[in-house]
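Based on the sequences and whatever the hints tell you, model everything.
As given, the protein sequences belong to chains A and B, one line each in that order.
The first sequence finishes on residue 327 if you use my numbering, and the numbering steps up by one all the way, no holes.
The second sequence finishes on residue 344 if you use my numbering, and the numbering steps up by one all the way, no holes.
Rather than coming from a laboratory, the hints here were simulated on the basis of the structure.
In this text, a Cβ means the ideal position worked out from N, Cα and C, and glycines have one as well.
Mixed in with the good hints, there may be bad ones.
One-sided excerpt, in silico: chain A residues whose CB lies under 8 Å from chain B [claimed, not checked]: (1) Gly43; (2) Pro57; (3) Val247.
Here are the simulated DSS-like cross-link-like pairs (lysine-lysine), alpha carbons at most 30 Å apart as the crow flies [unchecked claim]: (4) B/Lys337 - B/Lys131; (5) A/Lys278 - B/Lys10; (6) B/Lys238 - A/Lys194; (7) B/Lys342 - A/Lys278; (8) B/Lys342 - A/Lys194; (9) A/Lys278 - B/Lys338; (10) B/Lys59 - A/Lys39; (11) B/Lys338 - B/Lys280; (12) B/Lys53 - B/Lys131; (13) A/Lys39 - B/Lys238; (14) B/Lys157 - B/Lys342; (15) A/Lys194 - A/Lys302; (16) A/Lys194 - B/Lys337; (17) A/Lys198 - A/Lys278; (18) B/Lys280 - B/Lys10.
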Amino acid sequence: MAVISYREALNQAMREEMERDANVFVMGEEVGHYNGAYKVTQGMLQRFSERRIIDAPIAEMGFAGIGVGAAMVGLRPIIEFMTFNFSLVAIDQIVNNAAKIYQMSAGQFHIPIVFRGPGGPAVQVGSQHSQSLESFYAHVPGLKVVMPSTAADAKGLLKTAIRDDNPVVFIEGETLYNSTWEVPDGDVLIPIGKGDIKRAGSDITLVAWSKMVWTCLDAAKELAKDGIECEVVDPRTLRPLDVDLIVESVTKTGRCVIVEIGWPVAGFGAEVAYQVQKHCLDALDAPIERVTSEDVPMPYAKNLEDEVQPQVHDVVAAVKRALYLEA
Amino acid sequence: MVTASASDPKPVPTPDNVRVEDDDQPIATTAAELGPLYRQMLAIRRMEEASAKAYSQGKIGGFLHLIIGQEAVCVGATAALEKDDYVVATYREHGHAYAKGVSARAILAELYGKKTGCVKGLGGSMHIFDKATNFLGGYGIVGGHVPIAAGAAFASKYRDDKRVTLCFFGEGASTIGGFAEGLSLAALWKLPVVLICENNQYSMGTPVYRSLAVEDVSLRAVAHGMARDRFDGDDVVKVKQRIAEAVERARTTGEPTLVEVVTYRFRGHSMSDPGLYRTKDEVEEWKRRDPLNRSRARLLEVGMPEADIVALEDDVRAEIEDAVKFAEDSPAADEYKKYVIKEG
Ligand SMILES: Cc1ncc(C[n+]2csc(CCOP(=O)(O)OP(=O)(O)O)c2C)c(N)n1
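So this is what it looks like as structure tokens:
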């Protein structure tokens, strides 16, 4: 067990999988000579050469599609988007090709590909570079969507994603790269579709993924001072979603707050809320609460940016509402 | 030069106005070479006609894009390939699939939405796939498949397996980003792909001059330092020979080529299109150059007895009749959950 950064964990996962399987390669903008825009591929060009660490020009649709075509005939590409904001110009390849070919070909061709890169708001980079697009991808059958919150999850899930025979949209927390966590040594895989209890508690369930897990853990710490014990459930993968784990927790606590950094309308939290009400109606002691970003493009000014995104105090307030306590 | 009207002064795309070569000399060939190519073209024509009929009877649904008139392109080009090579095509791909080796039975059953179709009724007319023949699909998003073809070629380069990928698309696709990015990356990384633009003069109802500032699509190769070629697509042997040069280049040097083949579709864009944007005369002029008639006449010239040609034609008729019957008699498609996520 070593404490390493989220960035280092991702780097290790890719290196280990590339050592293991010669069909795995990384393609993206600045992944090689520049060592990655966020340095996730640091040092990998030296180890694996230009044949397998491929610097692509600015053509997301083109290289995402090249990945799909290469996957169709047996390679296992890791396509890095510098950020997921730029995946929007490649979304045709992800949604219309990667997610469809297995079905369109009636199982004759499958697409073992990982689309990865940072997503979610960054810091003061404005609306085009600060958004959470996981709900777009989680909507699409044929894709898997993974959003690790910790270095340990990042490593174990990325290794699994690379070995998965399906297209996996792997969204890293843009502000989590320096975060650290204990990561088990060696070839430890985390299954896609299995959530994790990040903090046990009996009074209320908080469901959150990626960066919002950290916000919820901070909120839980604060609430614990008032004797309120939160259980923080991190599904880790949105598609498939570990409904059982969430249901088990809410059945125990009887209350649920869903916290996401994306927008409220048709956000993934709405699907979680649907699942919770469907499976836990009798157990619920209060309406399900949602905490989301404000329904606006991200502003630039720091004070506004903070105001727009869910903060610890927003989570605390939602928990108190769900417990019918005065704020 | 014939123009549509004073307000639309551009030349209409008659053969005289758009053909690349002036002389009309047929290419040297033999009955042994041309016979099988003629047979394939005829089978595709008959298959397309059979599907048009079934469509009008309500037995085939959705969009149905026929390639009648353009058969020499997919047949000639595919004839330049080895079995292991890949083909990636559009929604107008029944002929390409057949030329690559997919059976008329599997194709027609797919159009009928039957369980026995090549993709079990999940794809339909626009999404033919066949792993056994390395037919990597029919795609419905214009231009979106060009990067896929570049990707298959990338894999060939990565593994040094010496395979070549052919990618077919229309001139209408040359205006979208998928084409631009696929072309540019194929050139940059020297991927063994031959990009074949079947310029059939119309993108739905839009003639070339209303979608392209420069009407020669093959010129796009120049900006990328890529080899290019441009020729008429009504002589199947010529298509085979010219594509073979590009295939050879890809196989031996890894270099891609952009090829534009000038052709014409005799029918509407899809079954619902009556083709009101062009005159009957224009279509008739092209039909006079029908690649099937030309090949048949040529077969006689190079010494194939009329009786042998008739026997071949009877054989094709029987093949397509059998395929139609197979499609009609096949059980309905019954599976839609199995192929969403690959388990294990
Ligand atoms: C991205 C996209 N936009 C629009 C369409 C609708 N559409 C289907 S075919 C077509 C015309 C394409 O013409 P061309 O590429 O010349 O090929 P052709 O149909 O002539 O073979 C259009 C606009 C589509 N399928 N995909």
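Now for the hints, and whether the structure bears them out:
For A/Gly43, the suggested interface contact is broken, since its CB lies about 21 Å from the closest CB of chain B, more than 8 Å. The criterion of a C-beta within 8 Å of any C-beta in chain B is met by A/Pro57, whose closest approach is roughly 7 Å, and the hint holds. With a least beta-carbon distance of about 22 Å to chain B, the hint placing A/Val247 at the interface is violated under the 8 Å criterion. With a C-alpha separation of about 20 Å, the suggested pair B/Lys337 and B/Lys131 falls inside the 30 Å cut-off, and the hint holds.
Using a Cα cut-off of 30 Å, the hinted pair A/Lys278 and B/Lys10 is violated, with the two alpha carbons roughly 63 Å apart. The hinted pair formed by B/Lys238 and A/Lys194 fails the criterion: a straight-line CA distance of about 58 Å is larger than 30 Å. Of the supplied pair hints, the one linking B/Lys342 and A/Lys278 holds, its CA atoms being roughly 28 Å apart against a limit of 30 Å. Note on B/Lys342 and A/Lys194: the hinted pairing holds, with a Cα-Cα distance of about 17 Å set against a maximum of 30 Å.
This hinted pair checks out: A/Lys278 and B/Lys338 have alpha carbons roughly 26 Å apart, not beyond 30 Å. A hinted pair counts as satisfied when its Cα atoms are at most 30 Å apart, and B/Lys59 with A/Lys39 does not qualify at roughly 56 Å. Distance hint between B/Lys338 and B/Lys280 is unfulfilled; the C-alpha atoms sit about 47 Å from each other, more than 30 Å. In summary, the hint linking B/Lys53 to B/Lys131 is supported, as the alpha carbons are separated by about 28 Å, within the 30 Å threshold.
Distance hint between A/Lys39 and B/Lys238 is unfulfilled; the C-alpha atoms sit about 52 Å from each other, more than 30 Å. Between B/Lys157 and B/Lys342 the CA atoms are separated by roughly 27 Å; this keeps the pair inside 30 Å, and the hint holds. Restraint check for A/Lys194 and A/Lys302: not satisfied, since their Cα atoms lie roughly 35 Å apart, outside the 30 Å limit. A C-alpha spacing of about 22 Å is found between A/Lys194 and B/Lys337, which places the hinted pair at or below 30 Å, so the restraint holds.
Among the hinted pairs, A/Lys198 with A/Lys278 is consistent with the structure: their alpha-carbon atoms are about 24 Å apart, no more than 30 Å. A C-alpha spacing of about 18 Å is found between B/Lys280 and B/Lys10, which places the hinted pair at or below 30 Å, so the restraint holds.
The structure shown violates the earlier hints numbered 1, 3, 5, 6, 10, 11, 13 and 15.
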